[in-house]
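*Asks:* Based on these hints, arrange chain B on the given structure of chain A.
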Amino acid sequence: MPDPALPDGVERREFGVETRLATRGSPVYGEPTAGEWRAWDPERSKLGGMLELEFDTGLSGGETVLYLGAAAGTTVGHVADFAGPTYAVEFAPRPTRDLLDVAESRDRLFPLLKDARKPETYAHVVENDVDAIVQDVATRGQAAVATRNARFLADDGRLLLAVKARSEDVTAEPDDVFADVLAELEGTYEVLEAERLDRFHEDHLGIVATPR
Amino acid sequence: MTTDESDAGWFASVPPDDPDAARDAIERGSAESPANWPRLAVETGFADDADDYYDRLHEASLHATREAVAERERADDQQLIHAVRAMDDCERVANELAERATEWAGSRFDDVDPGIAGARDLAEREPSGDLDGRVVSLSARAAALADERDALAATIDRIAPAVAPNLADMAGPELAARLIALAGGLEPLAKKPSGTVQVLGAEDALFAHLSGRAPSPKHGIIYTHEFVRGTRPEDRGSAARALAGKLALAARADHYSGEYREVLHEDLRERMATIRARADADGDADDGSEGDDA
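First to last, the protein sequences are chains A and B.
At position 4 of the first sequence the residue is numbered 4 (my numbering), and the sequence of numbers has no breaks.
Position in the second sequence counted from 1, then plus 212, gives you my numbering.
The shape of chain A in the complex, shown without the other chains (with noise of 0.2 Å):
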């Protein structure tokens, strides 16, 4: 039963009792699956809560999408399953290991050991012109990230952003670093839509803007 909201490829399917947001794809960290449809879980995933909350992420399956802060996998692998080609670029070496059991199996999922915070590492590998870039890094300055990553996004693209506070400033009220996060991406991008992902993630703010 295909939503008008949610992107081609992302459906809600009855998992036993309950009905889920799921994804067409091998099983990446033993989620429970329906026949070839794997659940994705709002609670383990920053975009999975935005297309929970019926953010208006401007996804409608088949785009190419970077993806900054790919950990292990655990979301990425979604978005590969309904969007096209995908670059994923985690830091750390851990998850990255585990990201590539992910990208084994989705031939349009590319894992880049390289650090968000420097673009120039990987534009020569990244295309330009992306219709969208998922951002979920736990390191401070992550409007800065989302700004340097400009580069990469096409006019009428989207930045899909989980702004985590802890990762900011832990004793700063996450409302004061929320609003010097939004007043940051000001200057190169429009913010569209901001709002909490309390009931998925505590302290986080979703955000979908587009360049200026």
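Calculated directly from the structure, the hints in this document are not laboratory data.
Check each hint, because a few of them may be wrong.
[As the list claims (entries may be wrong)] No more than 25 Å apart at the CA atoms, straight line, and that leaves these computed lysine to aspartate or glutamate pairs for DMTMM-like:
id, chain 1, residue 1, chain 2, residue 2
1, A, K118, B, E360
2, A, K118, A, E190
3, A, K118, B, D359
4, B, K430, A, D169
5, A, K118, B, D219
6, A, K118, B, E244
7, A, K118, B, E303
8, A, K118, B, D300
9, A, K118, A, E184
10, A, K118, B, E279
11, A, K118, B, D369
12, A, K118, B, E438
13, A, K118, A, E186
14, A, K118, B, D236
15, B, K403, B, E415
16, A, K118, B, E271
17, A, K118, B, E386
18, A, K118, B, D232
19, A, K118, B, E239
20, B, K430, B, E386
21, A, K118, B, D362
22, A, K118, B, E283
23, B, K404, B, E415
24, A, K118, B, E415
Note that this is a predicted model, so its numbers are computed, not measured.
*Replies:* Structure of chain B alone, referenced to chain A:
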């Protein structure tokens, strides 16, 4: 869309079906801006069409990343210790040389700024005569050493998370490397009680205390951590104790399991929030969180 060598795509000088050349290009290459690589790859004959290009990129990126991960994970604590000590040496010597060069240059050139920035500037100048030549050359060496220091710092940033994921995340790569260096390795650090971790790097003050001449030190090298330095002075002892406790646990998790443990980091954040809340509870007009009266 430039085809300048430094701004070319990863495939520019990679022969087809040479995985190691592709790996090298992906790992070490760079470009200021991205381009339409799939199209360029087809135009230059690297791939037959976009699908073929993506197949090749998939294979090359898997290979490059698998090798890079293996190499990163082979780096061990002893390599990290060498790197952090070499970084400190470079920094110290670069500063000394830059001081010397700029002081000397002050007697021969106009407008000489002190320090590394001044040395960089001098290194660009056109010398006239033997003595000027020596000053400019000395400045160039100071600048090159400062570059080496930055390169070593970048290397530490890369390998510390592989050697000690929890410690590197909690302390930052540089402080993690310093703690490991002070303890003599990750295993010795993992075996130290948190009270020792707390005063690592403050040995002089500790021995002064033990011989009855001074109060006990509140913190050693961990003072450089934001949680300690950014806490107001009267709470810094508590902050240092809490941080050292979690750092000791992080070192143990890294040495004995090597897995990242989110709960450690959550615990520390909560504890820090509690300690810093004291400053607010005391009703300071300035919220005191920066400890700027120190």
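*Asks:* Given the hinted pair K118(A) and E360(B), is their alpha-carbon gap at most 25 Å?
*Replies:* 19 Å, holds
*Asks:* Within 25 Å, alpha carbon to alpha carbon, are K118(A) and E244(B)?
*Replies:* 10 Å, holds
*Asks:* Does K430(B) pair with E386(B) here, judged by a C-alpha cut-off of 25 Å?
*Replies:* 21 Å, holds
*Asks:* Tell me if the straight-line CA distance from K118(A) to E283(B) falls inside 25 Å.
*Replies:* OK: K118(A) and E283(B) at ~20 Å, within 25 Å.
*Asks:* Take the C-alpha atoms of K118(A) and E279(B), compute the straight-line distance between them, and say whether it is at most 25 Å.
*Replies:* The given pair, whose Cα atoms are some 20 Å apart, holds under the 25 Å limit.
*Asks:* Is K118(A) close enough to D359(B), meaning Cα to Cα at most 25 Å?
*Replies:* 17 Å, holds
*Asks:* Check whether the Cα positions of K118(A) and E415(B) lie no farther apart than 25 Å.
*Replies:* Violated, because 38 Å separates the two Cα atoms, which is more than 25 Å.
*Asks:* Sort out whether D236(B) lies within 25 Å of K118(A), counting only the CA atoms.
*Replies:* 18 Å, holds
*Asks:* Is K118(A) close enough to D232(B), meaning Cα to Cα at most 25 Å?
*Replies:* 23 Å, holds
*Asks:* Can the restraint linking K118(A) and E271(B) be considered satisfied, given a maximum Cα separation of 25 Å?
*Replies:* This hinted pair holds, its Cα atoms lying about 23 Å apart.
*Asks:* Checking one constraint from the list: CA of K404(B) to CA of E415(B), max 25 Å. Satisfied?
*Replies:* 15 Å, holds
*Asks:* Has the given pair, K430(B) with D169(A), been kept, meaning a C-alpha gap of at most 25 Å?
*Replies:* Judged against 25 Å, a Cα distance of about 23 Å means the pair holds.
Hint 24 from the earlier list is the only one contradicted by this structure; the remaining hints agree with it.
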